[in-house]
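Please build the complete structure, drawing on both the sequences and the hints.
Line order of the protein sequences matches chains A and Y.
Residues 13 to 269 in this note's numbering are what the first sequence spells out, letter by letter.
Residues 13 to 165 in this note's numbering are what the second sequence spells out, letter by letter.
Just so you know, these hints were derived from the structure itself, not from any lab.
A virtual CB, placed ideally from N, CA and C, is assigned to each residue, including glycine.
Check each hint, because a few of them may be wrong.
Said to hold, decoys possible - Chain A stretches covered by chain Y per the calculated footprint, using a threshold of three residues with CB under 8 Å from any CB of chain Y: (1) 180-194; (2) 197-208; (3) 236-249.
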Amino acid sequence: MRIGILLLALLAGNTFAQTPAIPASELRSGVSFGSAELRAMQSDDFANPGMLWVERGQKLWQTPVGSAGRACASCHSDASLALKGVAARYPVVNASDRRVIDLEARINACRTSQQKAPALAAESEDLLALTAFVAHQSRGMPLAVSISDSARAFFDQGRDFYYARHGQMDLSCADCHEHNWGRKLLAETISQGHPNAYPAYRLEWQSLGSLARRIRACLFGIRAQMLASDDPQLTALELFLAWRADGLPVEAPGVRR
Amino acid sequence: MAVAPSLRPALAVAMVALTMEACLAADAQSSAYRVEGDGIVSPLTSSAGDPARGRALMAGRDAANCVLCHSIPDPAIRDAGDIGPALLGVANRLTVPQLRLRVVDMRQVNPRSIMPSYYRTEGLVLVAQAYQGKPILTAQQVEDVVAYLSTLR
Chain A
13 MRIGILLLAL LAGNTFAQTP AIPASELRSG VSFGSAELRA MQSDDFANPG
63 MLWVERGQKL WQTPVGSAGR ACASCHSDAS LALKGVAARY PVVNASDRRV
113 IDLEARINAC RTSQQKAPAL AAESEDLLAL TAFVAHQSRG MPLAVSISDS
163 ARAFFDQGRD FYYARHGQMD LSCADCHEHN WGRKLLAETI SQGHPNAYPA
213 YRLEWQSLGS LARRIRACLF GIRAQMLASD DPQLTALELF LAWRADGLPV
263 EAPGVRR
Chain Y
13 MAVAPSLRPA LAVAMVALTM EACLAADAQS SAYRVEGDGI VSPLTSSAGD
63 PARGRALMAG RDAANCVLCH SIPDPAIRDA GDIGPALLGV ANRLTVPQLR
113 LRVVDMRQVN PRSIMPSYYR TEGLVLVAQA YQGKPILTAQ QVEDVVAYLS
163 TLR
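Structure, rendered in structure tokens:
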């Protein structure tokens, strides 16, 4: 009996610790903070500039590269089936080396180990295109990352980074995106900071860009030390972001300001 | 007396009742100042603040950029944020020493405040190389901003 109560208390404590600060009923995708024009641009595939990268990614998917002479499609035969839901589960812990990896890192790992081709540079057109193509196969599916077992330590690391104040401005991610979303920063409404649109086309960039690029823009804004796009700390943060957006639909390629 | 960041919440409470001396930011870039009550009575510089320069700093995107979060009563500023309170009438609500402490280090008044400390260099984490050891504003810029704020009646 006593053990049962203890277990119950432990479970309750655990559940509490694993509840995102913004409850599911109040979760809002970043697109809902945009203008009507922006929302229309995202929802119409002919107006969404991100679809150009998806198309490019589809071609790359079928093109053999590297000394192995294999295309992505050589192993993953029907992309629409093989890739459905994959982006909604990322980042994940890579089974072979126990590192946390995002979709971009997964694609590069496939290139180097399976295709025997050099890794693509962060933010390169080809990596953005392949990532957009893969993520697009999960469009509409709810984000659902795992934070159990080996992912837990990376999740904790990402959460700690999220709530810690950084940079000369001494601001945490939570200061803006958890405590002040919906308010105006100059003329722009602060969003809840969810990752479900990425890679996304940002009007400010006039290009598609990764979630890492978007996070780096925040680090720049608070005058913090820059993290490389593939820095494990940044990928851990991506994992935490995906978890706190649990249930939001994948919008990739999204459109943002 | 050096004040550790972890002591600031306690300090904020103590300051209301006591006059305390706090020598903060014993850094080459930001000199020490004295907190009395919940304000800084003595200006940080010998030359007086200039309200016109202060206004420009507050509206400038590369300087203090206060309008990111606060509106100011200025017809030239069309867009302003609403994260912090509107600054119209702020000089009626706060004295000059109170304004000075809030610009220098709002977190001493309220550790949970989102407002950055504009004249603090210690207790910061992972600061970009270009800004390491430097406060956001110089002592003269703080005085300029305070001079402008004190006109907002």
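Taking the hints in turn, this is what the structure says about them:
no.: 1; hint: 180-194; verdict: holds (count 8)
no.: 2; hint: 197-208; verdict: holds (count 4)
no.: 3; hint: 236-249; verdict: holds (count 3)
Against the hints set out earlier in the document, no violation occurs for any number.
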